[in-house]
Amino acid sequence: MKIHNVVKANAYFDSVTLMLFSSKLNTIEGVQQAAVMMGTDHNKELMKNSGILTVEFASSVKSNDLVIGIKAVTQEALDLAIKTLEEQFENKTKAVSGEKVSFKTVEAAVKNTADLNFAIVSLPGRFAKTEAMKCLKNGMNVLLFSDNVSIEEENELKDYAVEHQLLLMGPDCGTAIINGVALGFANVVKKGNIGLVAASGTGLQEATVIIDKLGSGISQALGTGGRDVKDAVGGKTMLLALEALSKDPQTNVIGIVSKPPSPSVLNKIVNLVSTFDKPVVACFLGASLDVFADTKIIGCETVEDAAYALVNISTQQSLKPGSLTDDEKSIRSTSGKYLRGLYTGGTLAYEAMLILKHQLGSIYSNIASDEQYLLKDPELSHQHTIIDMGEDYFTDGMPHPMIDPRLRSERIKKEMKDADTAVLLLDCVLGYGSHSDPAGALVEAIIEGRKTQTNENIILIASVCGTEADPQRRSAQEEQLRQAGVIVMPTNAQAARLAAYVLGQKGA
Amino acid sequence: MFNIYQIKAYPSHLQFLFEDQVTLRVHSVFKQTVNLTDGNRIYTLQHSDLPSTPLSIKIEISRKAFENLTPIIGQEIKFNPKGCVAFGSVFEIKDAVVHECEMKMAHVPIHAELTILYDELTKQLFDHNGKGEMVKAAHNVITESKSSLSVFGEHMERVINDLMISTSPLEIVHQALKLIGVGEGLTPSGDDFNCGFAAALFYLKGIRSADEIRQIHQLELPKLWNTTTTISREYLMYAHEGKFNEWVIRLFDYCQKGKDIVPTLNEIKTIGHSSGSDFLTGMYFGLRAGGKLT
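Protein chains in written order, with the numbering used here: chain A, 1425 to 1932; chain B, 11 to 304.
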């Protein structure tokens, strides 16, 4: 008689499964007796007494272990029983763990998967609306990564979403963190009690990264798409997202990061927020803090300020962004005249532009809201210039510079060659979706640039938007930049302030 | 985005989970329940089709949607005064019903009501109306038939036979406890039997013969509950305190009010694979021993 024992430590299978295993084994010809039981003292005793569990084996089995005993008349029967058992376990484990599956259509995914509730749509704009609507109609919240979706289509999608209490994030929404899962361009940050809504991708990234760096964490970070807060859309997703965060028990403080909403949307936000019992901090980049007067919203001028305010409220501290050190204040630009900011993150570029404008006056840009300062040709810098390299002009037919840094690298070399360049201001965005070594790409471009540099003393300033937990690791990226002579500041706002200071000293 | 579900009900002794920041971890995952632990006790998240138990936090969620939650063993679940967030979903507490699991009978059962319950259980065992080896073993004993049994069933049959002929409270309890940790399933049938046995004795509270057995059972049971599985131990611990699931509480309530008990008995039988039937078998022998019924 052949006996075989197997133990599965702390294996919790429901009773029906255990019985199916048992009965499957007992039907094999040549198997005289088989039992699949929890390893309780009495069960072990009974199995030992009936000769299906060896004494030696029994001593290693604990109450929460699953113990299998097979007694067979031949080795062949025993082998077949063991094989059958392994198959049974494998099938069960597969069913429990859930394998990744792929479907060619939304319909097929819906048909074959129960209770789907989230979809990411990343298709060329002209196909995006149809598929996003299918997802919504099947009860899914949608992150719409695609751009080139018309206002009419956006409204149609958002009207349906709002009516059915679903979130339609986007179009052109590249960043979100849902229940700790980073989607699109997002960083690996700690979980916490700060919930964010943003009509801005890198603004959301910068806020989550600073919050993480200050020791706090994120409950949810929701994107709305840039046009959501304009009159044409009316803040549909922004309002729904804020409402969701107000009900989210994991969120204690709510933050908003966006370019200024239209007055009517702002009014709706203010009215909604007035019903919340949670504090709300907002940074409407470029808006006067007067817009927050007589509202419950705590207004901030920069993303950095908003992140600090959120952490301070959440942890009851009074942290403040660092001011320039004496070493930093001693930095002088001895040649060149102008600032050249080359950004991969649109909101980071905009934040820098606002900070620099206070100090330097006019800043020319391809994203300037004032027509007067809008660059006629984005390829050519003019006086103090900040370029958003992720803007449509540069990404038409090209990957976004956060993914493929080649275009910015070329522009870095070009600006370094320009004798007028005094300060080069850069961002370096880490996280999922971004280039695997953005600092490495920057350093390479800087080394190349130095070969043709006409101005001997260009000041290079950068900030790294990322965390230690990001795949690229913040400290390693910062170190590469420092080794290449780049001054690395803790945040984009502080990098912009240092650039403003250096150029301000020059003027003085 | 996250789904928001309502917590439908939880027992009053689990109120502490929602009074402060409490962190539990996923202990084990089944189709219809997710067990959580604080390292010591077990708490169960379950969908609303299942009866409330002393372990359970019942969620207003369909069975299908529950099956699609994505718990990972060891994952942290944080509770707070507003509910909890788990598996990509928010579970709100605001309209939850807080219920009692403790069996508190309005009066000491009178013979007539006791007989109705006992007769119905006897009929079911005679008809072999139930699942699993325990019912089969009990059926063999009370009908003196010889259905073939597994090695575990044979043990149950011997114990039940000895229990039936025992007269002293100590011997009766001694026999019942021989079933702890015996049998099929995650909650071994013998444990479910002992929970049912205890339920009957709590129902019979005030009847001297039953009180004697109950007190000995309460004294002896803790010595053995560490020999069975963690989840089963949890049910035994609550049974020891006189806490049972809502269908069991309702069954005894209906007995006292003279209502039809058959639908509730049938509901209890649907619990687990054979757990409900094992429980009712234990209840039958508890009533028989404690109520001195034959």
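Hints are supplied without guarantee of correctness; some may be wrong.
[As the list claims (entries may be wrong)] Coverage of chain B stretches by chain A, computed from C-beta distances (three or more under 8 Å per stretch; other residues unrestricted):
1) 38-47
2) 127-133
3) 150-164
4) 226-239
5) 267-280
If you're looking for bench data, these hints aren't it; they were derived computationally from the structure.
In this text, a Cβ means the ideal position worked out from N, Cα and C, and glycines have one as well.
Against the structure, the hints:
1. 38-47: Coverage by chain A holds for the segment 38-47 of chain B (5 residues, Cβ < 8 Å).
2. 127-133: That given contact is violated, which follows from only 0 residues of the segment 127-133 of chain B lying within Cβ reach (below 8 Å) of chain A.
3. 150-164: holds (count 3)
4. 226-239: Answer holds; 4 residues pass the 8 Å Cβ test.
5. 267-280: It is violated, with 0 qualifying residues against the three required.
Checked against the numbered hints above, the structure violates hints 2, 5; every other hint is satisfied.
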